[in-house]
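A.B. asks: If you read the protein sequences in the order shown, they are chains A and B.
Under our numbering, residues 30 to 514 are what the first sequence spells out, in order.
Under our numbering, residues 40 to 322 are what the second sequence spells out, in order.
Think of the hints as simulated: they come from the structure by calculation, not from any bench.
Treat the hints loosely; a few may be bogus.
[As the list claims (entries may be wrong)] A few chain B residues that face chain A, going by a derived Cβ cut-off under 10 Å, partial list only:
(1) Asn249
(2) Gln264
(3) Ser272
(4) Gly273
(5) Ile276
(6) Glu278
(7) Phe289
(8) Ala294
(9) Arg296
(10) Gly311
(11) Phe315
(12) Ile316
[As the list claims (entries may be wrong)] Dumping the calculated EDC-like pairs for lysine to aspartate or glutamate here, alpha-carbon to alpha-carbon at most 16 Å:
(13) Lys300/B with Glu173/A
(14) Lys208/A with Glu278/B
(15) Lys208/A with Asp292/B
(16) Lys208/A with Glu173/A
(17) Lys300/B with Glu455/A
(18) Lys358/A with Glu339/A
(19) Lys495/A with Glu455/A
(20) Lys211/A with Glu278/B
(21) Lys208/A with Asp171/A
(22) Lys361/A with Asp321/A
(23) Lys361/A with Asp402/A
(24) Lys300/B with Asp274/B
(25) Lys361/A with Glu339/A
(26) Lys358/A with Asp400/A
(27) Lys300/B with Glu278/B
Only a predicted model underlies this, so the values are computations on that prediction, with no experimental measurement involved.
Don't be surprised by glycine CBs; every beta carbon is placed ideally from N, CA and C.
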Amino acid sequence: MNGQGGTRMGWQCRKAAGGLPAAAILRSRWRVLAGDRPMRGLVCLVAWVVGCVGPAFAQDPLADEQGPVPTLEITPGNVKAFRTAVLRFRGVGPPVGEARIVRLREEIERALAFSSIVLPLEREAYLGPDDSGALAGGGGIDCEPWRQSGADALLEGALRREGDRLRVDLRVWDVARCKRLKIGTLAGDRDDLAGLGRIVADETVLALTGTRGVSATEIAFVSDRTGPREIYVMAADGRDQRPATRGDRLKMAPEWVPDGRAILYVAYGAGQPGFFLTSRSDQVRPGPILRDLMPGRPKYRGRFDPTGQELAFVSSVDGATEIFRVERKGRKARRLTNHPAIDVSPSWSPDGRQIVFVSDRSGAPQLYIMDRDGAGVRRLTYTGAYNSSPAWSPDGRWIAYETRVRGQFDIWLIDPTGQINFPIVEHPRSDEAPSWSPDGRKIVFSSRRRGRYDIYVMDWNGENLKRLTARSGRNIQPVWGPQVR
Amino acid sequence: MSAGAIDWYDESLADHRRRLRNGILFSLAVHAALLATFVIAPVRPLAPMPEVLEVELIAAPPGAPAARRPVPRPAEAEASPPPAEAPAPPSPPVAKAPVQVLPEETPGRIRKAPPENGKKKAEIVAKAEPPRPRRRKEEKPLSYEAAMAAFEKELGPDEALDLLQPAPEAHEPDASSGLPEPAETNRPGDAIPPELAAWNRAVQRRIRNNWVIPAGFRNRGLATQLELRLAASGDLIGEPRVVRSSGDPFFDDNAVRAVMKVAPLPAPPEPGRQIFIFRSEAE
């Protein structure tokens with residue numbers, strides 16, 4: 030018996046545990062605490078353990094009365110993207126305007142295409158009604174025609190105008206199981222259909238993969254297209270490029286404050302280079318910061334730890350270039366490296382416990398990792414005579430960096446133990462300065478493959494390369510901004 | 040001025056503290072609950088043995104070709120395909136990873152030979168897999184999929200697929216179905232009934248071609264076990280059920296979706312219960 034019995038019992042247990050007072054208390058308490066899904070999952074797990082460990086669980090869930098069950102192993106094929114039909118949204122209430130409805134769909138499809146995980150289904154393939162009918166009627170959908178169309182998912186929505194805002198009631202359907210995956214309401218500026226489309230697309234990616242898409246994020250970079258080097262910002266797909274700074278100072282090394290409300294950069298003026306903020310929000314005043322920090326010394330390349338509470342940066346003491354760490358208020362800087370060689374380019378691990386940096390203490394620039402307090406320095410790279418610009422991936426599993434090959438740079442990945450190491454961008458012309466998207470699925474970098482430096486984006490495994498800048502000037506040092514909702 | 044400019048950090052600090060406090064409270068609650076559990080209910084072992092036994096059946100059908108042995112391990116799997124580097128993020132061997140992987144093939148194989156770079160690694164990998172002589176070594180591995188495409192082009196998709204297919208489980212031969220004779224009946228020492236082998240291949244192929252698995256899910260040491268019931272026609276009876284989760288609900292969902300997407304399956308030689316194990320490792 031019992032394969033099934035055991036498992037079924039497990040489910041019942043889970044339900045029963047849900048009814049236990051302790052579990053109920055925990056659960057409600059937790060909703061107050063956090064209210065997000067993974068945490069609630071944890072609570073369920075605890076409830077499950079409370080309810081089930083013990084007498085009920087003496088059997089193996091897979092044992093079977095009639096001998097072994099035939100078993101088949103399935104390994105991944107080449108299909109990497111969900112096909113999604115984006116149905117025509119319905120206007121509800123005060124007229125939204127046909128043009129807006131059409132345009133919003135285009136924006137959603139464009140943002141989905143950027144994701145390279147959830148791709149829009151070609152309209153010609155539609156076999157089901159191109160209309161968000163179920164949403165208006167509140168009922169289900171007929172999945173069969175969409176299955177025939179090759180759609181994995183279906184996106185339908187109702188669009189309502191609320192003053193200057195547009196509200197979208199959204200449903201994402203899983204076509205294979207004919208089941209609703211997500212219902213949600215999103216809102217955006219009436220005149221920013223691109224922005225709204227990106228948010229809808231990112232939610233759809235979240236519904237299908239568990240990780241929100243990044244089409245609604247931004248990338249900061251440095252460009253001299255109008256003369257002096259300024260900090261620019263653009264949407265992740267390269268649209269809406271605009272300067273974030275103005276003036277005659279030479280600016281470089283942008284870095285997003287982790288909450289997305291400001292961009293830190295280094296500017297050269299009279300005296301030594303130091304840190305400035307460019308504001309992305311009313312709450313942040315732009316201008317110089319940390320001016321009292323190590324006065325008279327140059328400060329370069331600040332990198333925030335994941336909490337935004339501390340900044341690692343580069344300065345020089347006694348003729349040596351070293352890495353420092355400073356708290357947000359800038360009272361005390363702490364020296365992390367202490368070596369006559371040049372130590373530069375810090376990048377934090379996503380847990381904030383370690384910093385990868387570049388040092389030429391071995392005679393040539395190589396990557397090293399140290400603890401956040403500067404202890405435990407160990408060399409990471411042993412291949413390549415010139416490795417620099419490390420960037421730790423958001424999931425902590427990889428460090429992207431540039432390595433010099435025949436006088437130009439390629440981009441490689443290495444895991445933090447140093448055991449796995451391979452190229453992701455190889456091109457006869459230079460590819461430099463990788464930066465990860467906040468979901469860890471993409472990498473932005475600058476490349477000279479067309480003669481001039483431009484910003485490119487690709488999936489982290491090197492696929493789906495796309496050029497984002499196309500104007501004149503050198504476009505360098507791209508840094509991917511955070512997901513802010 | 041400089042102080043004013045960074046005032047806005049304070050609220051996030053407060054928020055941080057609040058979350059820290061809440062986290063500690065929650066942690067205490069959980070510990071208390073667990074402790075209570077163990078005091079109240081004496082824990083009996085969960086009888087893990089049968090699972091292991093079942094695994095052995097997968098791995099060692101009498102005389103299954105040696106090439107089949109290396110079922111993906113979390114660490115090595117990314118190394119399995121000749122050029123697997125790029126899309127093959129090896130996940131750190133998480134505790135849950137080797138769920139029903141062969142006991143003798145648990146993580147660590149790749150670790151003993153840390154590759155210096157992509158090329159070297161590819162060689163090491165190739166060496167580690169002598170039983171697959173037909174595989175071609177690629178010089179400049181960039182993407183596994185690209186290599187697979189080339190691989191299939193060279194061998195023809197069916198053959199390539201055959202090579203990639205894991206060993207089907209040993210099974211009593213009582214099936215009768217009009218399925219075509221399998222192409223590889225002459226495989227040395229193959230003991231499973233030809234109808235079943237052919238059916239297995241057809242199903243694996245069909246699911247592989249329809250199972251959407253984004254790069255982020257690949258080679259993470261994930262494995263999901265689904266139990267499904269098949270009618271004699273190949274129709275699914277009810278929805279596949281996750282009998283062992285990979286730990287990632289989206290990976291599990293994806294597996295269920297893949298089966299439902301290709302249903303009905305070819306008429307099975309033996310209708311009834313069936314276990315499908317979906318692995319995140321490309322072979």
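A.B. asks: Next step is simple, just say for each hint if it's right about the structure.
C.D. replies: The hints, checked one at a time:
The beta carbon of Asn249/B comes within 7 Å of a beta carbon in chain A, closer than 10 Å, and the hint placing it at the interface holds. Hint on Gln264/B holds. Least Cβ distance to chain A is approximately 8 Å, under the 10 Å limit. With a least beta-carbon distance of about 17 Å to chain A, the hint placing Ser272/B at the interface is violated under the 10 Å criterion. Interface hint status for Gly273/B: violated, as the beta-carbon distance to the closest one in chain A is roughly 14 Å, over 10 Å.
Against a cut-off of 10 Å between C-beta atoms, the interface hint on Ile276/B is violated, since the closest Cβ of chain A lies about 14 Å away. Proximity of Glu278/B to chain A holds as hinted, the smallest CB-CB distance being about 7 Å (cut-off 10 Å). This hint holds: Phe289/B has a C-beta 4 Å from the nearest C-beta of chain A, less than the 10 Å allowed. Taking 10 Å as the C-beta cut-off, the interface hint given for Ala294/B holds, the closest approach to chain A being about 8 Å.
With 10 Å as the threshold, the beta carbon of Arg296/B comes within range of chain A, its nearest partner Cβ sitting at about 4 Å, so the hint holds. With its C-beta approaching chain A no nearer than about 8 Å, Gly311/B sits inside the 10 Å limit, and its interface hint holds. Taking 10 Å as the C-beta contact cut-off toward chain A, the hint placing Phe315/B at the interface holds, the least distance being around 5 Å. With a least beta-carbon distance of about 5 Å to chain A, the hint placing Ile316/B at the interface is held under the 10 Å criterion.
For the proposed pair Lys300/B and Glu173/A, the alpha carbon gap of about 11 Å is at most 16 Å, so the pair holds. Restraint check for Lys208/A and Glu278/B: satisfied, since their Cα atoms lie roughly 12 Å apart, inside the 16 Å limit. Restraint check: the Cα-Cα separation between Lys208/A and Asp292/B comes to about 11 Å, which is no more than 16 Å; the hinted pair holds. For the hint linking Lys208/A to Glu173/A, the alpha-carbon distance of about 12 Å falls within 16 Å, and the restraint holds.
Restraint check for Lys300/B and Glu455/A: not satisfied, since their Cα atoms lie roughly 38 Å apart, outside the 16 Å limit. With a C-alpha separation of about 9 Å, the suggested pairing of Lys358/A with Glu339/A holds against the 16 Å cut-off. In summary, the hint linking Lys495/A to Glu455/A is supported, as the alpha carbons are separated by about 15 Å, within the 16 Å threshold. Between Lys211/A and Glu278/B the alpha-carbon distance is near 20 Å, which puts this suggested pair outside the 16 Å criterion.
At most 16 Å may separate the alpha-carbon atoms for a hinted pair to count; Lys208/A and Asp171/A meet this at roughly 11 Å. Only pairs whose Cα atoms come within 16 Å are accepted, and Lys361/A paired with Asp321/A is accepted, the gap being roughly 10 Å. The hinted pair formed by Lys361/A and Asp402/A meets the criterion: a straight-line CA distance of about 13 Å does not exceed 16 Å. Taking the CA atoms of Lys300/B and Asp274/B, the gap is about 12 Å. The hint holds against a cut of 16 Å.
Note on Lys361/A and Glu339/A: the hinted pairing holds, with a Cα-Cα distance of about 11 Å set against a maximum of 16 Å. Taking the CA atoms of Lys358/A and Asp400/A, the gap is about 22 Å. The hint is violated against a cut of 16 Å. For the proposed pair Lys300/B and Glu278/B, the alpha carbon gap of about 11 Å is at most 16 Å, so the pair holds.
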